[in-house]
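There are 2 protein chains.
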Amino acid sequence: MSELLLRAGKLDAADELAHLRERFVLDPAPGQDGDEAGVYLDGNSLGALPANVADRVADVVRRQWGELRIRSWEESGWWTAPERIGDRIAPLVGAAPGQIVVGDSTSVNVFKALVAAVRMAGDGRDELLVDATTFPTDGYIAESAARLTGRTLRAVTPAEVPDALSDRTAAVLLNHVDYRTGRLHDLPALTAAVHARGALAVWDLCHSAGALPVDLDEHGVDLAVGCTYKYLNGGPGSPAYLYVREEWQDRFDSPLPGWNSHAEPFGMSPSYTPAPGALRGRVGTPDILSLLALEAALDVWDGVSVAAVRAKSLALTDFFLECVAAYTEPGRVECVTPERHEERGSQIALRCPDAGEVMKRLIARGVVGDFRHPDVLRFGFTPLYVGFRDVERAARVLRDELA
Amino acid sequence: MSELLLRAGKLDAADELAHLRERFVLDPAPGQDGDEAGVYLDGNSLGALPANVADRVADVVRRQWGELRIRSWEESGWWTAPERIGDRIAPLVGAAPGQIVVGDSTSVNVFKALVAAVRMAGDGRDELLVDATTFPTDGYIAESAARLTGRTLRAVTPAEVPDALSDRTAAVLLNHVDYRTGRLHDLPALTAAVHARGALAVWDLCHSAGALPVDLDEHGVDLAVGCTYKYLNGGPGSPAYLYVREEWQDRFDSPLPGWNSHAEPFGMSPSYTPAPGALRGRVGTPDILSLLALEAALDVWDGVSVAAVRAKSLALTDFFLECVAAYTEPGRVECVTPERHEERGSQIALRCPDAGEVMKRLIARGVVGDFRHPDVLRFGFTPLYVGFRDVERAARVLRDELA
Chain A
629 MSELLLRAGK LDAADELAHL RERFVLDPAP GQDGDEAGVY LDGNSLGALP
679 ANVADRVADV VRRQWGELRI RSWEESGWWT APERIGDRIA PLVGAAPGQI
729 VVGDSTSVNV FKALVAAVRM AGDGRDELLV DATTFPTDGY IAESAARLTG
779 RTLRAVTPAE VPDALSDRTA AVLLNHVDYR TGRLHDLPAL TAAVHARGAL
829 AVWDLCHSAG ALPVDLDEHG VDLAVGCTYK YLNGGPGSPA YLYVREEWQD
879 RFDSPLPGWN SHAEPFGMSP SYTPAPGALR GRVGTPDILS LLALEAALDV
929 WDGVSVAAVR AKSLALTDFF LECVAAYTEP GRVECVTPER HEERGSQIAL
979 RCPDAGEVMK RLIARGVVGD FRHPDVLRFG FTPLYVGFRD VERAARVLRD
1029 ELA
Chain B
629 MSELLLRAGK LDAADELAHL RERFVLDPAP GQDGDEAGVY LDGNSLGALP
679 ANVADRVADV VRRQWGELRI RSWEESGWWT APERIGDRIA PLVGAAPGQI
729 VVGDSTSVNV FKALVAAVRM AGDGRDELLV DATTFPTDGY IAESAARLTG
779 RTLRAVTPAE VPDALSDRTA AVLLNHVDYR TGRLHDLPAL TAAVHARGAL
829 AVWDLCHSAG ALPVDLDEHG VDLAVGCTYK YLNGGPGSPA YLYVREEWQD
879 RFDSPLPGWN SHAEPFGMSP SYTPAPGALR GRVGTPDILS LLALEAALDV
929 WDGVSVAAVR AKSLALTDFF LECVAAYTEP GRVECVTPER HEERGSQIAL
979 RCPDAGEVMK RLIARGVVGD FRHPDVLRFG FTPLYVGFRD VERAARVLRD
1029 ELA
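Residue numbers (my numbering), protein chains in the order written: chain A, 629 to 1031; chain B, 629 to 1031.
Among these hints, one or two may not hold up.
[What the hints assert, rightly or not] With beta-carbon atoms standing in for the labels, derived distance ranges: (1) B/Pro-725 x A/Ala-954: 17 to 23 Å; (2) A/Ser-794 x B/Ala-686: 53 to 59 Å; (3) A/Pro-904 x B/Pro-725: 40 to 46 Å; (4) A/Glu-892 x B/Glu-846: 53 to 59 Å; (5) A/Arg-691 x B/Ala-939: 31 to 37 Å; (6) B/Glu-971 x A/Glu-892: 40 to 46 Å; (7) B/Thr-780 x A/Asp-687: 58 to 64 Å; (8) B/Thr-708 x A/Ala-935: 38 to 44 Å; (9) A/Ala-992 x B/Ala-939: 40 to 46 Å.
[Said to hold, decoys possible] Computed list of chain A residues with no C-beta within reach of chain B, every gap over 10 Å: (10) Arg-690; (11) Arg-697; (12) Asp-915; (13) Asp-998.
To be clear, the hints were calculated from the coordinates, so they are not data collected in a lab.
C-beta atoms are modelled at their ideal positions from N, C-alpha and C, and glycine is treated no differently.
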């Protein structure tokens, strides 16, 4: 047995979060000999199924919808689900209650956030900055928000943001963790730089929430959005969320003022009066099946500290890099994820020219990561359910398939 | 036994759609003596649960998500669900395939449709008309669309539309059936009037699709939106849909150009190139649990003609009006739903000063309709699962509770 496999076993034995794996539906973990088990390293794309979700969803469908029907809007708490579930997400991103609503897709929430940010920044500020390395949808939506509000959109890398800021800047949309490279950006410093020039900082937390501390309140983030189907394990295409910092809520002027954000939604008034608080981020009728599946999925966080998750995440990615370095011919892959902990999210991206083919073979052998065009192998490490023997096995299978 | 109850039994016996009730999870129908059964007349707010949905959803959760995980985006057809399910809805609204995508809420789709309509109408047209009696969210969203595109919004009743149209009109947003009164508006004539002045007709089908023929293609409707949780029984807050007439698709310029509407979504290009066809109406990652619950729910339409549904709908509402007239003291309630078939949707709205209290008592006795502020009792008749004895019983309980 290799030294790395031995060490993996010891690390798993000492892992205080190891028992959380039981809260998910997964293949059995690799045994002491690292035998042929499936290894799921794609939780940064679609989180695994929490074990309690199926029964909860069955209850929502059969009893809440099937028996109570329309009464469930009140009796089963459907109507208040967006803000109630927002408050469940809040501690995971360092937010006090009352600042997050869940609903719509990330793209739609980026749109709400950017248009509202431009409006709150005021007429004198005519430029939006967007992360040039962002997940594409953020850039497309930012372009649309700029077009509809008569602002100019400028794409800059996060490193260029401080120099790009000016008195013209209305808002800056940044990703906390880059979807491709796994680079973690410096949210406190960048937010402070944006504020120093009087602009608003809007953060996309898709690739960070649930994997590392975000601390939105502490760092003064103005608005944030994120999906819930990656490290929050809410299910395929589960609803996204919108954070509106308490100080901004009274001025949050949504471009999507649906009836659910009205101060009196059942007053059926022809004129719009926005609700107080983060409810202004709601739009139409909330999507109950998906919302309540997400609510159940969030139960896996009971008693779990984000700090412990972050510590394990870094240990997992460190160990993966060590295994890859030990197992793989030098130069065969290039790691594009930063080595420094303070610049690393919870994924490792390796570049090689045949990445598409290599990933297909890995998946065929049960090691599931994903491929990002044109040459990136992407491996996500969800600390709630990935162990060190998973990591060793993934690196060993990778060695085989790169050979 | 009353003459009306006898007749109800005969009407049920002759009802060719009566067997469809078995496709739903419902309380037993009233017996020959019209005994104490629940009567669900709120399918115009939340459709009843189709019997096959729970098992389908369980499979989506346990197998597609829980076992196949990320592979399901291809293997379980998740990625193409919005357009595939759109094509399932298409025949119910008289649309050829390839013109409907499912996703997002009705409010969000109204926004996409109106901004796109304004852009397609061209710069010379600076006014939007909106149905002044519309469900409020449509008006709020229309106001936002007008504000963001620099147009003026004008609210007029559907009857006033022909005179309000001018060369300044970019688009008109109308409801096919009024949510409060149940009045059916003349879609062919109004669409023709809008076209005669060179504007675009945008229809909200929330209260008509699944209850009566819509014939979008035949009448040249430009854009349409609708929810799927009323007469389409998709479940609480299930995703809405957007119809983009084939001739407009190349010019459909969405204000929400998310990555799912990109010509090459996995190319991850920083610049946006819209997909061909109705796919342009997609935005972010589709909400799979809710979408696939809806897909299962649409199975209840197998072999069902919308014309037969409409015929039964009118028979049900006629019979309800007859029973209410026979059972209720004259003047106690005022019917605000038109008598004429061509002006009636699939609901009956009765006005009385104590409507809120009366509806509470009806619901306590198992007759479930809903109350609309300030004085409307609303009863929806879903022909797929409501029978004539249901109708007679509802009218009889109403008589008791009005007395």
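Against the structure, the hints:
1. B/Pro-725 x A/Ala-954: 17 to 23 Å: Violated: the Cβ-Cβ distance is about 54 Å, outside 17 to 23 Å.
2. A/Ser-794 x B/Ala-686: 53 to 59 Å: holds, 55 Å
3. A/Pro-904 x B/Pro-725: 40 to 46 Å: holds, 45 Å
4. A/Glu-892 x B/Glu-846: 53 to 59 Å: With a Cβ separation near 39 Å, A/Glu-892 and B/Glu-846 fall outside 53 to 59 Å, so the hint is violated.
5. A/Arg-691 x B/Ala-939: 31 to 37 Å: 34 Å Cβ-Cβ, so the 31 to 37 Å window holds.
6. B/Glu-971 x A/Glu-892: 40 to 46 Å: violated, 30 Å
7. B/Thr-780 x A/Asp-687: 58 to 64 Å: violated, 49 Å
8. B/Thr-708 x A/Ala-935: 38 to 44 Å: About 41 Å separates the Cβ atoms of B/Thr-708 and A/Ala-935, which means 38 to 44 Å holds.
9. A/Ala-992 x B/Ala-939: 40 to 46 Å: Since the Cβ atoms of A/Ala-992 and B/Ala-939 sit about 55 Å apart, the hinted range of 40 to 46 Å is violated.
10. Arg-690: The claim breaks: A/Arg-690 does not keep its Cβ more than 10 Å from every Cβ of chain B (closest is about 5 Å).
11. Arg-697: violated, 6 Å
12. Asp-915: violated, 4 Å
13. Asp-998: About 7 Å separates A/Asp-998 from the closest Cβ of chain B, which leaves it inside 10 Å; violated.
In terms of the numbered hints stated before, the structure departs from hints 1, 4, 6, 7, 9, 10, 11, 12, 13, listed from lowest to highest.
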